[in-house]
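Student: Spelled out, the chains give:
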Amino acid sequence: MWTFIVRRILIMIPMMFFVSVICFVVTELQPGDFLSQYLENPRISPEQIESLRRELALDKPAYQRYFMWIKNIVTKGDFGYSFSYQRPVVELIWERLGWTVAISVLTIGFQWLFATLMGIYSALHPYTPGDYTLTVLGFIGLSIPEFFLALVLTYLVLRLGGTAVGGLFSPQFIGAPMSWAKFIDLLKHLWLPIVVIGVSGLAGLMRIMRGNMLDVLGSPFVTALRARGLDEKTVRRHVIKNAMNPLVSIAGMELPNVFSGTIIASIVLNLPTIGPFFYSALLNHDQYLVMAFLLFIALITQIGNLLADIALALLDPRIRIS
Amino acid sequence: MRKVLLLVLALLACAVFATEYMVQDELLTPDPSPKTGGTLRLALASTPESFLLYGTLDGSSYSVIMGPMFSPLVEMHPVTNEIKPALAKSWVVSADGKEVTFRLREAYWSDGTPITADDVVFTFQYFVMNQYARGNSIARFTIPDEKGVNKMIEWVKIDDKTVKAILPSPYGAFFTVLSHVYIYPKHKLEPLIDKNDLGSVNKVWLSNTDPKEIVVNGPFKPVQLITDQKLVLERNPYFWKVDRFGNRLPYFDRVEYLIIRDAEIRLAKFMAGEIDFMAISSRDFPMLKEQELTGKTPYVVYATQPTQATPSPIHISFNFDVDDPELRDLFRKLEFREAMEYALNRERIIDEVFAGLAIPDAGLILPSNKAFYNPKVEELLRPYDLKKANELLDKIGLTKRDKEGYRLFPSGRRVEFNLLVQNSPKEYQDVAVIFAEDLKKIGIKVNLQILDASLVGQMFGASNFQAGIRAFGNQPDLQLRKAIWQPGTQLYYWHYSTMDKTKTPPQPVFEEMLDWEKRIWELFEKAQIEMDPAKRKAYYDEVQELYHIYLPVIFVCKGMNIWGFNKTLGNAGVTEEGVPIFTVWTSYRK
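Chains as they are written, first to last, in the numbering used here: chain H, 985 to 1306; chain U, 10 to 599.
Bear in mind the hints are in silico, worked out from the structure with no lab data behind them. Values in this document were obtained by computation on a predicted structure and should not be read as measured data. Glycine included, C-beta positions come from ideal geometry on N, C-alpha and C. Wrong hints could be hidden among the right ones.
Some, not all, of what chain U presents toward chain H, calculated at C-beta under 8 Å [stated by the list, open to error]:
#	residue
1	Glu-58
2	His-86
3	Asp-219
4	Asp-237
Among the chain H residues that face chain U by a calculated CB cut under 8 Å, a handful are [claimed, not checked]:
#	residue
5	Arg-1038
6	Glu-1039
7	Ala-1041
8	Asp-1043
9	Gln-1048
10	Ile-1054
11	Val-1058
12	Thr-1059
13	Gly-1061
14	Tyr-1069
15	Gln-1070
16	Pro-1155
17	Asn-1254
18	Pro-1256
19	Pro-1260
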């Protein structure tokens, strides 16, 4: 087990390197640079643009800038400065990470809870009206773009007389010390982004769970269990446990999905997560900020996969042995 | 402990009594019974990147620094654009116009320290005139001396409350550019910067600064910044303005900026009454106005006389240096350009493209700019008249037509040109389409060349176009737009042969200039070194007239500014002439 984990971690190093090269090339391919946005700004003279270009090292060839950046990461753990905020990118990302993680984790929890329950129900009652209803609901969620769902729900909430829309708190609670009233206010706001972001992934997970369940239900070991006279409750427990296997292995992919999936929804719902921040960094050509964020996503994808593999190993003895 | 507290209170009282207050005029405080207290709620599009104006180029930072947090030496009146005393209570210009001595007001920073000449000199030395500061203003404070050599304006401290500016030569726009310089506290910032590394000024007072460290001389000081959610400012007890009844300004206790990235959500919050004042896009105006007329909304919206540099007024240009000799001759004929203006249907463009929310008489200077606008240009505008346009074209010998009805040059070639337009904003293309339709009616073929904005910019910059549609924003003082409207400069793009680009800095080429271009060049030079506002206005009046008589470019129209106000705001609205009235220090909650 330990050699397995160590080997996986060692593979991650060259992987991250390749990812960084690809990301850098892609950001370089974007036409223009950070200073393009100031070319027609009357407050800024052409000489000023030139001196800024030198200061930010944008006059150097791309490969030089890349190696400078990588060198600083490896030797000093410095992921570079944001061109616009003039602060270390790690600090800026860190400032915005809290709510991003909180919303992502809650969303994944919501997705998994509902998707597995819906999948189990559908599998145990296949081809019944209940099964069809859940499937249709799931697919509607899958097919509606997040930003649209966000707008529709916002509209409905406002129509029904609610006011808690957009952001995570009402203005008077932003920055106020934590209190019972503030927590209630948070709950009033929080459900909306969780539903909006979560619903899109629901159908996929639910279908996987349903398929697995049906597979396992038809397999010989279930027949064997039933033949030995085990009661239906115990049989179901075994079925569910086995059907969860493939779900666990794709769990690693879920985290980055939720992270990047929140971008548009966060803009529309005015959430203080990293998504909108990353989006404007992309538009502004704030390269090191973009790169650090992409590396971060790559890293959590890999860590997510590793954790999923470990979880799977714990769940399924066959994997542990091989 | 109590003694210390009493001492502090006594000192505070002294400072407050010693302050030489400035009285805000009636234009900004029309209401005789304002109320104090409460919170003003505004919107910001993103977290400010810095609280130091000169260390950043960020728009959100500008909007919270300029006005709400810091003050300049002289300020431009928000309604009339006139220059008024601010941190400097008075000034004297020497007889030769090369020395300006400012007497500073008895006023205090928000921590109670007096504002002195040291702060002014420090601000200029390390920020305004520091070439490593990102948002520096060196270009605006560097002017040629008598010999034509560019020199910086020097600042000298005379005593604690007196500071002198030494100019290389008289500089007409001096007070206008000075009204954009916000003074920063030396006692707070000097310890933070490394004098051996002047780039270090960009790293102070960034978005991670504890708001308590930030000391201001404007109406409000920051107290809390919650990343991407909210910025809170509180009243500065030492602010140096009072209203005309003697009440201390500002009226509001707090200003809260909600940080909202998405324009639709900002609008929704405004419509719900959660934001008191903001700029509205012209696209949303009809819907908001319709709702407002039901009487149930918490807000009012006004389409006001444009007062700002944006949206830029659109103009049409014809390249005097175009490669094609026949077109070049044609474009240089005044009758041709006059015919083009007669063929320009401004009314239809304003109606259809701008939904009625634009003004036609906007050339170099906006009508709302009382300091410099010359109303005579309105008479000079040639109204839409295709008959006159046809007559003028006949007069210059373009009488023959081909089978399709297009006019022919004497050589027998069709009169036809490419009109270069960038693909965004969309208004530019719409204007081009309408213009081309009308030109077809008078027998001239226009090929629209609609391309990506950055590419179009490069083509204009390389004089690689025949005719084009472009826009440059208006500024309060024409001097700040010299680089565009004076012949022989970097953005006089329709006649680049008037500039010798091989020299650094580029030099004007007088042999290439037409007579009226020489006159315009001269007027700009005269106005630059004239300190008397009346004489400067006379020079700029003539420039405006020349532009409308000789039509180097044909101005189309300028979009109006649209503002939304919450109905509960007092001292906020528009003047009879349609100019918006609103400042953070004079508005209050009714």
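Student: Hints first: check each against the structure and report whether it holds.
Tutor: Now the hints, each set against the structure:
1. Glu-58: This interface hint holds because 5 Å falls under the 8 Å limit.
2. His-86: With a closest approach of 21 Å, the His-86 of chain U hint is violated.
3. Asp-219: Hint on Asp-219 of chain U: violated, closest Cβ of chain H at ~14 Å, above 8 Å.
4. Asp-237: With a closest approach of 4 Å, the Asp-237 of chain U hint holds.
5. Arg-1038: violated, 10 Å
6. Glu-1039: holds, 7 Å
7. Ala-1041: Check failed: Cβ of Ala-1041 of chain H comes no nearer than 13 Å to chain U, outside 8 Å.
8. Asp-1043: violated, 16 Å
9. Gln-1048: violated, 20 Å
10. Ile-1054: violated, 24 Å
11. Val-1058: Hint violated; Val-1058 of chain H Cβ to chain U Cβ min 24 Å, cut 8 Å.
12. Thr-1059: Constraint on Thr-1059 of chain H not satisfied, violated at 22 Å.
13. Gly-1061: violated, 19 Å
14. Tyr-1069: Holds: closest Cβ of chain U sits about 5 Å from Tyr-1069 of chain H, inside 8 Å.
15. Gln-1070: holds, 6 Å
16. Pro-1155: holds, 6 Å
17. Asn-1254: holds, 5 Å
18. Pro-1256: This interface hint holds because 4 Å falls under the 8 Å limit.
19. Pro-1260: Holds. Min distance 5 Å.
In summary, the structure is inconsistent with hints 2, 3, 5, 7, 8, 9, 10, 11, 12, 13 from the numbered list given earlier, while agreeing with the others.
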